[in-house]
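Q: Throw the hints in and build the complete structure from the sequences for me.
As given, the protein sequences belong to chains V and U, one line each in that order. Taking the numbering used here, the leading residue of the first sequence gets 82, the next gets one more, and so forth. Taking the numbering used here, the leading residue of the second sequence gets 82, the next gets one more, and so forth.
Treat the hints with care, as some may be off.
In this list, chains with the same sequence are indistinguishable; a pair is considered to hold if it fits within one copy or across any two.
Quick list of in silico lysine-lysine cross-link-like pairs, DSS-like style, CA-CA up to 30 Å [stated by the list, open to error]:
(1) K425 to K167
(2) K299 to K311
(3) K353 to K193
(4) K350 to K362
(5) K291 to K350
(6) K263 to K353
Calculated directly from the structure, the hints in this document are not laboratory data. Note that the structure is predicted; figures quoted are calculated from it, not measured.
Protein chains: 2
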Amino acid sequence: MSETMQRISLAERPIGAPGYHNFRLETIEIPALVGEDVLVEIEYISLDPYMRGRMDDAKSYASPVPIGGTMEGGAVGRVIASKSAKFAVGDYAFGQLGWATHGSVPACELRKLDPGLMPITTALGVLGMPGFTGWYGLNEHGRPKTDETLVVAAATGPVGSMVGQIAKAHGLHVVGIAGGNKKCTLAVNKFGFDHCLDHKAYEDSQSMRKALQELCPKGVDIYFENVAGKILDAILPLMNTGARIPICGMISWYNAGALGAKAGGDTDKLPKMWRSILVKKMSVNGFIISDHWDQYSDFLSDVVPMVASGQISYEEDIVSGLENAPKAFIGLLEGQNFGKLIVKVK
Amino acid sequence: MSETMQRISLAERPIGAPGYHNFRLETIEIPALVGEDVLVEIEYISLDPYMRGRMDDAKSYASPVPIGGTMEGGAVGRVIASKSAKFAVGDYAFGQLGWATHGSVPACELRKLDPGLMPITTALGVLGMPGFTGWYGLNEHGRPKTDETLVVAAATGPVGSMVGQIAKAHGLHVVGIAGGNKKCTLAVNKFGFDHCLDHKAYEDSQSMRKALQELCPKGVDIYFENVAGKILDAILPLMNTGARIPICGMISWYNAGALGAKAGGDTDKLPKMWRSILVKKMSVNGFIISDHWDQYSDFLSDVVPMVASGQISYEEDIVSGLENAPKAFIGLLEGQNFGKLIVKVK
Chain V
82 MSETMQRISL AERPIGAPGY HNFRLETIEI PALVGEDVLV EIEYISLDPY
132 MRGRMDDAKS YASPVPIGGT MEGGAVGRVI ASKSAKFAVG DYAFGQLGWA
182 THGSVPACEL RKLDPGLMPI TTALGVLGMP GFTGWYGLNE HGRPKTDETL
232 VVAAATGPVG SMVGQIAKAH GLHVVGIAGG NKKCTLAVNK FGFDHCLDHK
282 AYEDSQSMRK ALQELCPKGV DIYFENVAGK ILDAILPLMN TGARIPICGM
332 ISWYNAGALG AKAGGDTDKL PKMWRSILVK KMSVNGFIIS DHWDQYSDFL
382 SDVVPMVASG QISYEEDIVS GLENAPKAFI GLLEGQNFGK LIVKVK
Chain U
82 MSETMQRISL AERPIGAPGY HNFRLETIEI PALVGEDVLV EIEYISLDPY
132 MRGRMDDAKS YASPVPIGGT MEGGAVGRVI ASKSAKFAVG DYAFGQLGWA
182 THGSVPACEL RKLDPGLMPI TTALGVLGMP GFTGWYGLNE HGRPKTDETL
232 VVAAATGPVG SMVGQIAKAH GLHVVGIAGG NKKCTLAVNK FGFDHCLDHK
282 AYEDSQSMRK ALQELCPKGV DIYFENVAGK ILDAILPLMN TGARIPICGM
332 ISWYNAGALG AKAGGDTDKL PKMWRSILVK KMSVNGFIIS DHWDQYSDFL
382 SDVVPMVASG QISYEEDIVS GLENAPKAFI GLLEGQNFGK LIVKVK
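A: Printed below as a string of C-alpha cells:
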C-alpha cells in the first residue's frame, strides 16, 4: 500500500471556460483512517458537467470546491484498508472520492459494488448518477405518454441516452440532438432514437428549428433540458400545449457567463431564470382557467360560504356606460382600476 | 324590447398600448334567435386583462377577436327572450356575451344566477373567472402550506385578492404588491394581507427587492404570477428552494412589446419563455438528483434488467491517467467526449 497519493485540486476559479491553470496535480500523504473510514484505491473517476458549477464561488444547491481542495466527483475502486465491518479489503465500492488515486471516507458514504454483476464503470454512468438523473427526471417530471414526442440534447451522453431509451420503451417518438455525424449515428443505431439532429450543421436557432420541426411533425411534448442556449431557442415555438420541461442542466451556458459568472456573455434574463428553476428546484406552471370549469362547482362550494360570512371580501370598481368600456379597459392595463373592474351597461 | 343593440367592436389591432381608435361603438340589429338561443339584456360587463391578448393576431390558446368583431368578455344580465326551456324571461344569467347591451347565445353557454343569493356582479369577479383563477391556481399549482410565504402582485385585483385571502386562510405569511398607498391600505385592511408593497415607490427592481426581502424574512415559497416584468426581476433571487410559481398572466408585458408584439420594447428572451409557459400551459421543473437517492433502488430494479438484456445500451469514453482529467473535463464542456466520460486512474 502506497503512503502517498495523487490528486487534482482546484488551483484557481475559472472565468468562463476552465483552462489547465485552474487545476493542479499534487502528491500528498494518504490521510490516516479514523472512525469507520474505508480507504479505496480508485480505478475510475466520473467527469460530469455539474462539476463546472462547483468550481465557481456562486451560491448554489451544493458548496463550491474550496481553492486548494480536491476536485469533487464520483469514483469507483477497490478497498485497500478498512476500519468498518461493512467493507473488507478487496471489496469494490462507489463513493464521492474526488479526482484522486485514493479516497478515504466513512463506510456509510460508500456503496458496495458487485463487479460480477455489472462492470464497475457502469456505476458512474448508465447505472449511476447520470442514468438515474435521466430515468427520474423523465418519469417524474416528463410524465411520458405513448405516441408523444420527446426531444433531448446531448443525446449520446449518459443522461440523454438514458432519457431517449426509456422514452422509446414507453412508446414515444424520440428525437435526439448531438454534435457531429458520428454521435448522431450512435444515437440512432445504438440507442434507438428515431432521429438525431446534428446541431453543428445549423448556424442559428431558426434553421435548427426548421429541421427539428420536420423531425417532430406533431410538435414536442417533452423537452428534457440539459443543454439550453441555442437549442432551447430553437425548440420553444415547437412545444405543444401541456408540454413538460424537466431541467437537470444547461451545459451550453456553463462557460458562457450567461449564468452570472464574470466573463460577460449573454445579458438575457432567461439564463438566470432557468438556472434559478434548476438550482432552487422550482415548479413553474402555466394554466388557463377555462380548462378547469369542471372544478367550478368545487370552487363555489368552497368560496361562497366564505364570501357570505365575510371571511373573503371583494372590491368592485364599477364604471357606467358601455361607451366608457374602452377607456376603462385602457386604464385597467395601466393599473388605474381599484378592485374588480366592471362596466354597468343598464 | 328594443330591436337594436349597441356593441363595441375591435376597429384596429393595437400596437403596444391600446388607444380609443382601436375600438368602435356601433348600433346593430339584435340578431334573430335560432335553435336554443336565449337573449340577455346585459347589465354588467367584466373587463379583464386577458382581453388585451385577444386584440392581437398572435397564436394563442384562444382565437383573436376578428377585426370588426364584438370585443369579447363575460357579462351578466336578465333574460328578455328565450327559445330554451332552461331559461325563462326574467331569469338572470352569466355568459360570454361580449362588450354590448345585448347578447344572444345558446342556452348551454349560459349559467343561471340567483340574484337573491349574491349580487350578480360577483359572477364577474370574486365568484367568477378571476376569483376561480386565484383559487384554482393557488391550490393546484401553488400547493400552499402553513407558515410558508406567498407574494402576489395586483393584490387588490380580483385574482390577487382571492389568492391572498385563500393563502391567509391556509395560514401563510402573505405579502401583496400594488400600485399606490390607497391600494396597499385596502390590501392590508380589507383583504388581510400581512403587508403590501407599493411598487410605485421603487425606481428599480433592486430597491424593490430590498424592500420585499424585509417583508419576507424567510424568503418566498409561492410567487403567484400575474404581473411579471420588474416584479419578477425583484423577486427571483428571493425564491426559496422548492418554490412554486403558478403563472396566470403577465400584465406588465401586455403592452410593452416584450411578448413579441410590434412595438419594440424588451428584447429579452424571458418574456417569450414566460408567455409560452402560460399559453401552452407548460410545466417546467428543476430537479437535483441528489435529493432523490431514496428512489435509487427503484431505478436499479427497473433499469439493471434492461441493461443486462441489452434493451438499454451505454457508451463509455474512457481516458487514461489522472493527470489527463483536466483536459478531459475541459473537452466535456465543449462536447468532445463520446458517451459517458470516465478517467481510468489505475
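Q: Take the hints in turn and mark each one as holding or not.
A: Now for the hints, and whether the structure bears them out:
Taking the closest pair of Cα atoms, K425 and K167 come within 30 Å of each other only across two copies (26 Å); inside a single copy the shortest separation is 78 Å, beyond that limit. For the homomeric pair K299 and K311, the shortest alpha-carbon distance inside one copy (21 Å) is at most 30 Å, but the shortest distance between copies (36 Å) is not. In this homomeric assembly, K353 and K193 never come within 30 Å of each other (Cα to Cα): the closest approach is 38 Å inside a single copy and 48 Å across copies. Taking the shortest alpha-carbon separations for K350 and K362, both the intra-copy value of 18 Å and the inter-copy value of 21 Å come in at or below 30 Å.
Taking the closest pair of Cα atoms, K291 and K350 come within 30 Å of each other both inside a single copy (25 Å) and across two copies (19 Å). Proximity of K263 and K353 under a CA criterion of 30 Å is satisfied in neither setting, with 33 Å inside one chain copy and 34 Å between copies.
Hint compliance for this structure: hints 3, 6 are not met, and every other hint is.
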